[in-house]
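Model the full assembly from the supplied sequences, consistent with the hints where possible.
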Amino acid sequence: MYMKNHWYVAAWSDELGSEPLALTMLDEDVLLYRKRDGTPVALENRCAHRRVPLSKGRIVGDEIQCGYHGLVYDSAGACVKVPGQARAPRGTRVKSYPVIERHAFVYVWMGDPEDADEASIIDFPRLDHPEWGVTKLHLHIEANYLLLIDNLLDLSHVAYLHDTTIGNAPVAEDAEVIHERHGDTVRVTREMVDVPAARTYAEFGSHPGNFDRWQLAEWRPPAYFLINNGSEGTGARKPGRYRVFDQGEWGFQVYHGITPETRRSTHQFWAIAYELSAVPKESRPEFHRQCHQVIREDVAIYEAQQRSLDSDPEGATPENVNERVRIRFDEGLLQAREIIARMSKDEAAEKKGEPISG
Amino acid sequence: MYMKNHWYVAAWSDELGSEPLALTMLDEDVLLYRKRDGTPVALENRCAHRRVPLSKGRIVGDEIQCGYHGLVYDSAGACVKVPGQARAPRGTRVKSYPVIERHAFVYVWMGDPEDADEASIIDFPRLDHPEWGVTKLHLHIEANYLLLIDNLLDLSHVAYLHDTTIGNAPVAEDAEVIHERHGDTVRVTREMVDVPAARTYAEFGSHPGNFDRWQLAEWRPPAYFLINNGSEGTGARKPGRYRVFDQGEWGFQVYHGITPETRRSTHQFWAIAYELSAVPKESRPEFHRQCHQVIREDVAIYEAQQRSLDSDPEGATPENVNERVRIRFDEGLLQAREIIARMSKDEAAEKKGEPISG
Amino acid sequence: MYMKNHWYVAAWSDELGSEPLALTMLDEDVLLYRKRDGTPVALENRCAHRRVPLSKGRIVGDEIQCGYHGLVYDSAGACVKVPGQARAPRGTRVKSYPVIERHAFVYVWMGDPEDADEASIIDFPRLDHPEWGVTKLHLHIEANYLLLIDNLLDLSHVAYLHDTTIGNAPVAEDAEVIHERHGDTVRVTREMVDVPAARTYAEFGSHPGNFDRWQLAEWRPPAYFLINNGSEGTGARKPGRYRVFDQGEWGFQVYHGITPETRRSTHQFWAIAYELSAVPKESRPEFHRQCHQVIREDVAIYEAQQRSLDSDPEGATPENVNERVRIRFDEGLLQAREIIARMSKDEAAEKKGEPISG
Numbered sequence: 001m002y003m004k005n006h007w008y009v010a011a012w013s014d015e016l017g018s019e020p021l022a023l024t025m026l027d028e029d030v031l032l033y034r035k036r037d038g039t040p041v042a043l044e045n046r047c048a049h050r051r052v053p054l055s056k057g058r059i060v061g062d063e064i065q066c067g068y069h070g071l072v073y074d075s076a077g078a079c080v081k082v083p084g085q086a087r088a089p090r091g092t093r094v095k096s097y098p099v100i101e102r103h104a105f106v107y108v109w110m111g112d113p114e115d116a117d118e119a120s121i122i123d124f125p126r127l128d129h130p131e132w133g134v135t136k137l138h139l140h141i142e143a144n145y146l147l148l149i150d151n152l153l154d155l156s157h158v159a160y161l162h163d164t165t166i167g168n169a170p171v172a173e174d175a176e177v178i179h180e181r182h183g184d185t186v187r188v189t190r191e192m193v194d195v196p197a198a199r200t201y202a203e204f205g206s207h208p209g210n211f212d213r214w215q216l217a218e219w220r221p222p223a224y225f226l227i228n229n230g231s232e233g234t235g236a237r238k239p240g241r242y243r244v245f246d247q248g249e250w251g252f253q254v255y256h257g258i259t260p261e262t263r264r265s266t267h268q269f270w271a272i273a274y275e276l277s278a279v280p281k282e283s284r285p286e287f288h289r290q291c292h293q294v295i296r297e298d299v300a301i302y303e304a305q306q307r308s309l310d311s312d313p314e315g316a317t318p319e320n321v322n323e324r325v326r327i328r329f330d331e332g333l334l335q336a337r338e339i340i341a342r343m344s345k346d347e348a349a350e351k352k353g354e355p356i357s358g
Numbered sequence: 001m002y003m004k005n006h007w008y009v010a011a012w013s014d015e016l017g018s019e020p021l022a023l024t025m026l027d028e029d030v031l032l033y034r035k036r037d038g039t040p041v042a043l044e045n046r047c048a049h050r051r052v053p054l055s056k057g058r059i060v061g062d063e064i065q066c067g068y069h070g071l072v073y074d075s076a077g078a079c080v081k082v083p084g085q086a087r088a089p090r091g092t093r094v095k096s097y098p099v100i101e102r103h104a105f106v107y108v109w110m111g112d113p114e115d116a117d118e119a120s121i122i123d124f125p126r127l128d129h130p131e132w133g134v135t136k137l138h139l140h141i142e143a144n145y146l147l148l149i150d151n152l153l154d155l156s157h158v159a160y161l162h163d164t165t166i167g168n169a170p171v172a173e174d175a176e177v178i179h180e181r182h183g184d185t186v187r188v189t190r191e192m193v194d195v196p197a198a199r200t201y202a203e204f205g206s207h208p209g210n211f212d213r214w215q216l217a218e219w220r221p222p223a224y225f226l227i228n229n230g231s232e233g234t235g236a237r238k239p240g241r242y243r244v245f246d247q248g249e250w251g252f253q254v255y256h257g258i259t260p261e262t263r264r265s266t267h268q269f270w271a272i273a274y275e276l277s278a279v280p281k282e283s284r285p286e287f288h289r290q291c292h293q294v295i296r297e298d299v300a301i302y303e304a305q306q307r308s309l310d311s312d313p314e315g316a317t318p319e320n321v322n323e324r325v326r327i328r329f330d331e332g333l334l335q336a337r338e339i340i341a342r343m344s345k346d347e348a349a350e351k352k353g354e355p356i357s358g
Numbered sequence: 001m002y003m004k005n006h007w008y009v010a011a012w013s014d015e016l017g018s019e020p021l022a023l024t025m026l027d028e029d030v031l032l033y034r035k036r037d038g039t040p041v042a043l044e045n046r047c048a049h050r051r052v053p054l055s056k057g058r059i060v061g062d063e064i065q066c067g068y069h070g071l072v073y074d075s076a077g078a079c080v081k082v083p084g085q086a087r088a089p090r091g092t093r094v095k096s097y098p099v100i101e102r103h104a105f106v107y108v109w110m111g112d113p114e115d116a117d118e119a120s121i122i123d124f125p126r127l128d129h130p131e132w133g134v135t136k137l138h139l140h141i142e143a144n145y146l147l148l149i150d151n152l153l154d155l156s157h158v159a160y161l162h163d164t165t166i167g168n169a170p171v172a173e174d175a176e177v178i179h180e181r182h183g184d185t186v187r188v189t190r191e192m193v194d195v196p197a198a199r200t201y202a203e204f205g206s207h208p209g210n211f212d213r214w215q216l217a218e219w220r221p222p223a224y225f226l227i228n229n230g231s232e233g234t235g236a237r238k239p240g241r242y243r244v245f246d247q248g249e250w251g252f253q254v255y256h257g258i259t260p261e262t263r264r265s266t267h268q269f270w271a272i273a274y275e276l277s278a279v280p281k282e283s284r285p286e287f288h289r290q291c292h293q294v295i296r297e298d299v300a301i302y303e304a305q306q307r308s309l310d311s312d313p314e315g316a317t318p319e320n321v322n323e324r325v326r327i328r329f330d331e332g333l334l335q336a337r338e339i340i341a342r343m344s345k346d347e348a349a350e351k352k353g354e355p356i357s358g
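Protein sequences appear in the order of chains A, B and C. Using the working numbering, read the first sequence as starting at 1 and increasing by one per residue. Using the working numbering, read the second sequence as starting at 1 and increasing by one per residue. Using the working numbering, read the third sequence as starting at 1 and increasing by one per residue.
Bear in mind the hints are in silico, worked out from the structure with no lab data behind them. Heads up, some of the hints might be wrong.
[Said to hold, decoys possible] In the SDA-like style, the derived pairs of lysine to any residue whose C-alpha atoms are separated by at most 20 Å in a straight line are: (1) B:Lys81 <-> A:Glu176; (2) B:Lys81 <-> A:Arg324; (3) C:Lys345 <-> C:Gly183; (4) C:Lys95 <-> B:Lys95; (5) B:Lys81 <-> A:Ile327; (6) C:Lys95 <-> B:Gln85; (7) A:Lys81 <-> C:Glu331; (8) B:Lys95 <-> A:Glu323; (9) B:Lys81 <-> A:Val325; (10) A:Lys136 <-> A:Leu23; (11) C:Lys81 <-> B:Val325.
[To be verified] Just a few of them, taken from the derived set where beta-carbon distance is under 7 Å, the chain C residues facing chain B: (12) Pro83; (13) Pro89; (14) Thr92; (15) Ser96.
Beta carbons: idealized from backbone N, C-alpha and C, even for Gly.
So this is what it looks like as structure tokens:
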């Protein structure tokens, strides 16, 4: 069901301190902690002996001790001590996961450890860049992660769902929409020329009246998004030349690391990043508030949609909901769904030793 | 499982204002809103596109716009606009329900729209009559609707469950009980002669000491009740002459519109109506309080009974609980169960094109 | 699934007063009340008529009257009155359970009433002895009862789980552990010689520095524990001579009556008993607080373990969790599991009329 051979975000760096941290990822219970040198460790969060969560225990040096009967595991998952006996029964261990920390994210590899490839981690340097401001959340969503991907690959919804902050009707009705696919990356660009600024742009941006505005949403498997929101004076340049990291005169970037928890719940690591010079210090509280309002509105929709699908009399599910009515703006998300289907199939085939489609 | 070819109460008229209203009826998610002229509209509460509840959207003129991607549906359920494209994909629509508003109730027809017959709506003129006072609730009950019907067709329970307000022992022990059936209407009349007044009657009625009292409970399919509670001085008339709309010297009427939500939950639209002259203005707060206490005691029993049936080791369920011990006072509710069984069977047969029993 | 032919604790004596008391035991809904002479009664908690819990009704003399339609049952479960008719339908009754009150516990026999044997009740005289102080709780645990038995037959966990009160490392690491079996009784004795006193012992006991300490945990089927915690000056006597009721210079006893509620929940009747002279009056609030902290830590572990087992990817369950990694300290609890398995098998065989293993 899940694409396992990928890095998934397990935590923001600053969520992981001196105490063990527990979360469920792709239906697996994972324990995170830091060694004395700060390196993160990821282990199965069930003691081999009685299945109590190791996260209820304590970190001892670079090792973790179960809080029930005191069994100690090293950072590779091997049981190195059983109180009251000379050594642990042979082979007593918990599963260990490859883990990497980069640019504010702690990533865990959920597939075969031998396939873990550090080079496949996406670079998000602006999440911890000194000249960029960031507001961020670790959200727990009661919805399948596919519904989040759908949401972010059709930003026409900004016109309706976020109409008191970053959206107004032109975002849906007057946008030129370009769908691109580069390998397994899907990019949807929405360009609006000479349109009135929605509230957030009018309050914080460079043009309170009409302007040109663009949104570039780039999805990379399994579930990463970088969304670039930019704007500038009308006529300043021709359409079609916008790029992911270019905000023009004023804008901000949105980052999403999306990690399935279960089939019906998701961890969403969400951040807004902006050049410090773009939002003066005194404006930041209100700018952050508007950004948080936007993501809370999205969360409410993800969860309402999931609840609706839970009891759909026509059998719609998170997996097939897109196979019904198709509209023009669905194109990007249908491509992502196609890529996910192909990658999932390949992963299943690889497990069985069959040739893969690629 | 449900009898669908009927009008069911979806809301009190004053529950439906300028915002969309959502509820589940007979396992279907229904959206209600009013057009500009006040006429109520009832549609399936799932956008055809992504299954998000349309009740999260907004009313635009006489139409409803989805709050996610802005699709617009007219009051007959047809999708008339998809933002960003010239027209909606052919056949995009949501289910529409016949709906009628009358005497404080908004009714929705849950069966085949072609069978919707306005003439079959029951008349409850006292729910909005200028000379009658009303206190009412829309209750959400965690119990199967059949348990409510059982409750109301054996009012001997008033003696025990409501013994600090409208009940005392004679209601169960000294009543003459008459069970009548008129077509598919079941009426149970309980007459008590020369009995002491229960608290509510003693405090608000015409006879603080002994009096004659009667309860007439009339059930009409699928799930409507009109209960007449009347009283007068002992010896004023002979038994057997009481009628549904006659309260004698003092009394009140109780109305129930009962709408299954799911197999295990129910909407109960409950009202007490009384002649304004029967309860002086200054007495109404306490009279209403006692009425509300009665219905809350009933709710507690419905839900306790349902929880007990949820885990019944002998396999009793809301559907078969009456097939066990039978007592004399069960007669009315057993007739109602028989009518429900026959009507359900006929409806199922009609769907298959078979001849119906009637 | 359950061993039914046993006495189980249904309540502390002082939980059962002048009102009906309801609880679920071994998946059966039980009603308790006292007759006028104080004798406890235990009946099935579902009225034969409509399955409403009889505990919602009222005690009338030595009988119980249903709060819905007023049916009256005597203390043997026979329906003796149906309002509105001369007599109850023949055979109308609810199940009745043998019940005995002794030493602060109200016991109910959950098996065949003919097998109920008062002599098999265990004697716990210190629970209501005038020279002993007691602090006690009726805990509702969201975990299978077997997890509680495991906990109490391996007290090495005291070293880790209770390390801010009664535990420190020597309890696990420096203890001599003796496993004994006497018929179907399992006793695990842990003796520590010349070890530092854990906090509770240092604060309330006779030796703030090093001392000898012992724990004797005795389990008797189906689910009773008497645990003796004792201590005295190092060198005062030889190991191997400790007995269940001997606390040496300072100590206390712990009692557990464990009653399965469902497969996933348990009633735990827990008590600490101590000689009044061992804990001066002014010290008791803090001594009780530390004892309560210990049991709350245990409850948190039972429930965390159950939740972990609920979703165990390797299929571990409360029933089989011990069949995985085995450590030296598991010996006592593995014996208890073996006895439970054999007794359950015998009980099942007896039901079918087969020869039993004993």
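Hint check:
no., hint, result
1, B:Lys81 <-> A:Glu176, "18 Å, holds"
2, B:Lys81 <-> A:Arg324, "17 Å, holds"
3, C:Lys345 <-> C:Gly183, "17 Å, holds"
4, C:Lys95 <-> B:Lys95, "51 Å, violated"
5, B:Lys81 <-> A:Ile327, "11 Å, holds"
6, C:Lys95 <-> B:Gln85, "69 Å, violated"
7, A:Lys81 <-> C:Glu331, "18 Å, holds"
8, B:Lys95 <-> A:Glu323, "19 Å, holds"
9, B:Lys81 <-> A:Val325, "13 Å, holds"
10, A:Lys136 <-> A:Leu23, "18 Å, holds"
11, C:Lys81 <-> B:Val325, "13 Å, holds"
12, Pro83, "4 Å, holds"
13, Pro89, "6 Å, holds"
14, Thr92, "5 Å, holds"
15, Ser96, "15 Å, violated"
Violated hints, in rising order: 4, 6 and 15; the structure is consistent with all others.
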